[in-house]
Amino acid sequence: MYPVISGARGTSHAKIILMGEHAVVYGQPAIALPLLTVQTQVTVTTLPCQQFLLESDYYSGAVADLPTQMQGFKDLIMHLITTHPNSPGFKLTLTSQLPAERGMGSSAAVAVALVKALTNFYQDQLSHDELLDLANIAEKATHKNPSGLDAATAASNQPIWLIRGQKPRPIPIKMNAYLVICDSGIKGQTSQAIQIVKKKLIESPQAGQTTLTKLGQLAYKSREFLAKNQIQALGQAFDAAHHELQKLGVSLPALDNLITIARQNGSLGSKLTGGGRGGCFINLLPDYASAKNLAAQLKAAGARQIWIQALNQLN
4 MYPVISGARG
14 TSHAKIILMG
24 EHAVVYGQPA
34 IALPLLTVQT
44 QVTVTTLPCQ
54 QFLLESDYYS
64 GAVADLPTQM
74 QGFKDLIMHL
84 ITTHPNSPGF
94 KLTLTSQLPA
104 ERGMGSSAAV
114 AVALVKALTN
124 FYQDQLSHDE
134 LLDLANIAEK
144 ATHKNPSGLD
154 AATAASNQPI
164 WLIRGQKPRP
174 IPIKMNAYLV
184 ICDSGIKGQT
194 SQAIQIVKKK
204 LIESPQAGQT
214 TLTKLGQLAY
224 KSREFLAKNQ
234 IQALGQAFDA
244 AHHELQKLGV
254 SLPALDNLIT
264 IARQNGSLGS
274 KLTGGGRGGC
284 FINLLPDYAS
294 AKNLAAQLKA
304 AGARQIWIQA
314 LNQLN
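Counted from 1, the sequence shown has number 294 at position 291 by the numbering used here; the numbering is strictly sequential.
Heads up, some of the hints might be wrong.
Said to hold, decoys possible - Estimated spans, in silico, between C-beta atoms of each pair:
id, residue 1, residue 2, range
1, E58, N89, 44 to 50 Å
2, D68, T48, 17 to 23 Å
3, A257, D127, 31 to 37 Å
4, N160, Y29, 26 to 32 Å
Honestly, the hints are just simulated from the structure, not real lab data. In this text the structure is predicted, and so the values were computed from the model without any measurement. Don't be surprised by glycine CBs; every beta carbon is placed ideally from N, CA and C.
Between the sequences and the hints, there should be enough to build the whole structure, so can you do that?
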């Protein structure tokens, strides 16, 4: 029997893509930010019998009977059990503040928290790369062809720069501004959005490729703006990126309407974040008072949940 720590915990957090969604799939760079205050936690408690259970808001029962939409978590948990022969039975208790299907990396946050909790339970020592490799067992089952950006950001306290096929790396940020992250209340349709982009590239390859290249250029510029506290320039980059994402067909009129309201109420720049066709959008504000004011205006306009993140906390 393995010497284990009952009550072991693992935590992770949400992410938002600041720049480069969709384009990252086609070789362009992307920037993602951790949202440290929006957390996911997994606790492992030993059971007296050889059962493996999961308790969450979405499902409670045997790990072996996890529903299809949680197949990735099942694959990950079973992998960790089988690599620890004679593991005692346990119950995993999952709590998450992340809304699902909103482009905030909820599945990756759960995967990272599961890996951390179970490796703490088994008293394993993992490198950062090993942690990501394990988390991506779940991500591959959930997303088929993940970029790795979600898991990398869920496991990091710093902004992440990613080019597909290369190792994700942290980037410096020296910006005294605030992000207002807003859940539109419309469930994101990432799979549909991916197909729309694919179709666009087949039907209009030159225009589609030009748009992806522009999104990549905006990611490079935004990395520089973040490092040099160029707030107005970053806001303009947000607006330009949203325009390109509209051209790809991954926004929605309802999302565009909320973004227009944000721009009319103090946002220096606004764009969708994540897969699109709903989900969340982000807004850049110069100070906390204006961020709070915008949050109130967006709530009044029908937005669901809203989070405020100080960018200077992500160093």
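Practice problem: Could you tell me which of the numbered hints above are not met by this structure, giving the numbers in increasing order? | Solution: Of the numbered hints, 1 and 3 do not hold.
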